[in-house]
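J.: Letter by letter, the chains look like this.
There are 2 protein chains.
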Amino acid sequence: MINFEALFKISYGLYIVSSGSSEYGNGFISNTVFQVTSDPPRFASCCNKDNHTAGVIRSSGHFSVSVLHCDTAAGIIGTFGYKSGKDINKMEGLDLKYGETGVPVVLNEAIAFLECRVVETYDVGTHLMFIGELVHADVLDDGKEPLTYLHYRQVKKGVAPKNAPTYVDKSKLVKKKVEEEFARYECAACGYIYDEEKEGKRFEDLPDDWVCPVCGSEKDDFYKL
Amino acid sequence: MINFEALFKISYGLYIVSSGSSEYGNGFISNTVFQVTSDPPRFASCCNKDNHTAGVIRSSGHFSVSVLHCDTAAGIIGTFGYKSGKDINKMEGLDLKYGETGVPVVLNEAIAFLECRVVETYDVGTHLMFIGELVHADVLDDGKEPLTYLHYRQVKKGVAPKNAPTYVDKSKLVKKKVEEEFARYECAACGYIYDEEKEGKRFEDLPDDWVCPVCGSEKDDFYKL
Numbered sequence: 001m002i003n004f005e006a007l008f009k010i011s012y013g014l015y016i017v018s019s020g021s022s023e024y025g026n027g028f029i030s031n032t033v034f035q036v037t038s039d040p041p042r043f044a045s046c047c048n049k050d051n052h053t054a055g056v057i058r059s060s061g062h063f064s065v066s067v068l069h070c071d072t073a074a075g076i077i078g079t080f081g082y083k084s085g086k087d088i089n090k091m092e093g094l095d096l097k098y099g100e101t102g103v104p105v106v107l108n109e110a111i112a113f114l115e116c117r118v119v120e121t122y123d124v125g126t127h128l129m130f131i132g133e134l135v136h137a138d139v140l141d142d143g144k145e146p147l148t149y150l151h152y153r154q155v156k157k158g159v160a161p162k163n164a165p166t167y168v169d170k171s172k173l174v175k176k177k178v179e180e181e182f183a184r185y186e187c188a189a190c191g192y193i194y195d196e197e198k199e200g201k202r203f204e205d206l207p208d209d210w211v212c213p214v215c216g217s218e219k220d221d222f223y224k225l
Numbered sequence: 001m002i003n004f005e006a007l008f009k010i011s012y013g014l015y016i017v018s019s020g021s022s023e024y025g026n027g028f029i030s031n032t033v034f035q036v037t038s039d040p041p042r043f044a045s046c047c048n049k050d051n052h053t054a055g056v057i058r059s060s061g062h063f064s065v066s067v068l069h070c071d072t073a074a075g076i077i078g079t080f081g082y083k084s085g086k087d088i089n090k091m092e093g094l095d096l097k098y099g100e101t102g103v104p105v106v107l108n109e110a111i112a113f114l115e116c117r118v119v120e121t122y123d124v125g126t127h128l129m130f131i132g133e134l135v136h137a138d139v140l141d142d143g144k145e146p147l148t149y150l151h152y153r154q155v156k157k158g159v160a161p162k163n164a165p166t167y168v169d170k171s172k173l174v175k176k177k178v179e180e181e182f183a184r185y186e187c188a189a190c191g192y193i194y195d196e197e198k199e200g201k202r203f204e205d206l207p208d209d210w211v212c213p214v215c216g217s218e219k220d221d222f223y224k225l
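Chains as they are written, first to last, in our numbering: chain B, 1 to 225; chain V, 1 to 225.
Keep in mind the hints are simulated off the structure, nothing from the lab.
Hints are not guaranteed to be accurate.
As the list claims (entries may be wrong) - List time: in silico DSS-like cross-link candidates among lysine-lysine, alpha-carbon distance up to 25 Å:
#1 Lys198/V - Lys170/V
#2 Lys198/V - Lys224/V
#3 Lys170/V - Lys144/B
#4 Lys224/B - Lys198/B
#5 Lys157/V - Lys224/V
#6 Lys198/V - Lys144/B
#7 Lys201/B - Lys157/B
#8 Lys172/B - Lys144/V
#9 Lys157/B - Lys144/V
#10 Lys157/V - Lys97/V
#11 Lys156/V - Lys144/B
#12 Lys86/B - Lys49/B
#13 Lys170/B - Lys144/V
#14 Lys172/B - Lys156/B
#15 Lys49/B - Lys162/B
#16 Lys224/V - Lys170/V
#17 Lys144/B - Lys172/V
#18 Lys144/V - Lys156/B
#19 Lys198/B - Lys144/V
#20 Lys157/B - Lys198/B
#21 Lys170/V - Lys156/V
#22 Lys144/V - Lys97/V
#23 Lys224/V - Lys162/V
#24 Lys170/B - Lys49/B
#25 Lys49/V - Lys172/V
#26 Lys172/B - Lys49/B
#27 Lys157/V - Lys144/B
#28 Lys224/B - Lys170/B
#29 Lys156/V - Lys83/V
#30 Lys144/V - Lys156/V
Please read these numbers as outputs of a predicted model, since none were measured by experiment.
Given these sequences and hints, build the entire structure.
T.: Right, here's the structure in full:
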């Protein structure tokens, strides 16, 4: 028996994992970045095989990790988490640096970054796991706390996109009783749920220029549950 | 250039990873437990090759993960994090259950648990990475927050043991200026540092029965830095 609520007790940070070069770069929001050995320091990162960045990392042989802070704006999470590099240039207009490996490092909303050289790639099913040896790392802002997946879920009401290792199909979760006089609206792009009861405001009373706090989609992109 | 302070910005939880059977079980404190695929749900866990539990997981083909809560007592972290199953029976006197896979699940201080069947084992250098398919999971206590490595370091003043993937040799860190009139004492067993300035009390003024808050070692096991 699997109670999928138990999976939310595992702790993760939230990162932008990027790759490519100064000619072309792409990245995605990852919650699975973690150190696997201390000597030499090596990091693992999981990437869905369907993610555009998976191919970019394979080609370049390097990736960077930007550690997001806890007050990260929804916009950047929307761009890197819910949109594809097949459709847009995610790096456009961002504050980037090209580190020792030549891959882009996203500096916006980042408090630290790592650069890794891929030494191994494991096929773990729907995802590839890249094992990277640490080449370069630095702190950008020591005053802010890192964004955790728990904070993103509880405070920012964010949900994992379908390609994330930690995506949970909502139908598998134990349903909690919802007061009938309040409705809930789901964002078709990212799955964020606007809960009238929790927010204390009817969805229809929100201004027309209101946007999804997670991915920036417009009010019309929501449907009633 | 690697600034090792940047590595502390990566977020982790803290877990007891156990294996074995009702005849004999062993476990260790792990901060690298993370989901690698959502369908089917698979989890990875890194274990130092020198850890006694590595051999126990290899023999049994299963492991459990107990998610610790943020007020976890120092004693259980000392036993599972800084002592070896080669020397003591870590499971003695604990509240255990034997789940669907037959491995012991430590219930003390746990708010949730997972049981996994090992489907792949990767050699990532000093550590083995076990990939386990989720067989069983449940929430034990929904009222407490999970313990994070950040909380363990900042609030509980804990440090990673030498066998942890995230162990950082202190000589690699940028030295911060310490006021000369205060001294610091390090626990020889676990590396915990008693800082007189932060604690507001001289080490020599601590009672004789004072023990290391991280691993339970006696006052005599500390040396002045």
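J.: Hints first: check each against the structure and report whether it holds.
T.: Status of the hints after comparison with the structure:
Restraint check for Lys198/V and Lys170/V: the C-alpha separation of about 19 Å stays at or below 25 Å, so the hint holds. Proposed proximity of Lys198/V and Lys224/V is supported: the alpha carbons are some 15 Å apart, at most 25 Å. Simply put, Lys170/V and Lys144/B have alpha-carbon atoms about 22 Å apart, close enough for the 25 Å limit, and the pair holds. The straight-line distance between the Cα atoms of Lys224/B and Lys198/B is roughly 15 Å, inside the 25 Å bound, and the hint therefore holds.
Of the supplied pair hints, the one linking Lys157/V and Lys224/V holds, its CA atoms being roughly 17 Å apart against a limit of 25 Å. With a CA separation close to 21 Å, the supplied pair Lys198/V and Lys144/B stays within the 25 Å bound. A threshold of 25 Å between alpha carbons decides the hint, and for Lys201/B with Lys157/B the separation of about 16 Å falls inside it, so the pair holds. Note on Lys172/B and Lys144/V: the hinted pairing holds, with a Cα-Cα distance of about 22 Å set against a maximum of 25 Å.
Between Lys157/B and Lys144/V the alpha-carbon distance is near 19 Å, which keeps this suggested pair within the 25 Å criterion. At roughly 30 Å between alpha-carbon atoms, Lys157/V and Lys97/V are farther apart than 25 Å, so this suggested pair is violated. Pair hint Lys156/V plus Lys144/B holds up; C-alpha atoms about 19 Å apart against a cutoff of 25 Å. Between the alpha carbons of Lys86/B and Lys49/B the distance comes to roughly 14 Å, so the proposed pair stays at or under 25 Å and holds.
Straight-line distance between C-alpha atoms of Lys170/B and Lys144/V comes to about 23 Å, which keeps the hinted pair within the 25 Å bound. Simply put, Lys172/B and Lys156/B have alpha-carbon atoms about 22 Å apart, close enough for the 25 Å limit, and the pair holds. Between Lys49/B and Lys162/B the alpha-carbon distance is near 12 Å, which keeps this suggested pair within the 25 Å criterion. Under the criterion of a C-alpha separation no larger than 25 Å, the hint pairing Lys224/V with Lys170/V is consistent with the structure, at around 15 Å.
Of the supplied pair hints, the one linking Lys144/B and Lys172/V holds, its CA atoms being roughly 22 Å apart against a limit of 25 Å. Taking the CA atoms of Lys144/V and Lys156/B, the gap is about 19 Å. The hint holds against a cut of 25 Å. The hinted pair formed by Lys198/B and Lys144/V meets the criterion: a straight-line CA distance of about 21 Å does not exceed 25 Å. Annotation: proposed proximity of Lys157/B to Lys198/B holds, straight-line Cα distance about 11 Å (limit 25 Å).
A threshold of 25 Å between alpha carbons decides the hint, and for Lys170/V with Lys156/V the separation of about 18 Å falls inside it, so the pair holds. Of the pairs offered as hints, the one joining Lys144/V and Lys97/V holds, with about 20 Å between alpha carbons and a cut-off of 25 Å not exceeded. This hinted pair checks out: Lys224/V and Lys162/V have alpha carbons roughly 20 Å apart, not beyond 25 Å. Proposed proximity of Lys170/B and Lys49/B is supported: the alpha carbons are some 22 Å apart, at most 25 Å.
Distance hint between Lys49/V and Lys172/V is fulfilled; the C-alpha atoms sit about 24 Å from each other, no more than 25 Å. For the hint pairing Lys172/B with Lys49/B, the CA-to-CA distance comes to about 24 Å; that is within 25 Å, so the pair holds. Restraint check: the Cα-Cα separation between Lys157/V and Lys144/B comes to about 19 Å, which is no more than 25 Å; the hinted pair holds. Distance check on the hinted pair: Lys224/B and Lys170/B sit about 15 Å apart at the alpha-carbon level, within 25 Å; holds.
With a C-alpha separation of about 19 Å, the suggested pairing of Lys156/V with Lys83/V holds against the 25 Å cut-off. Between Lys144/V and Lys156/V the alpha-carbon distance is near 17 Å, which keeps this suggested pair within the 25 Å criterion.
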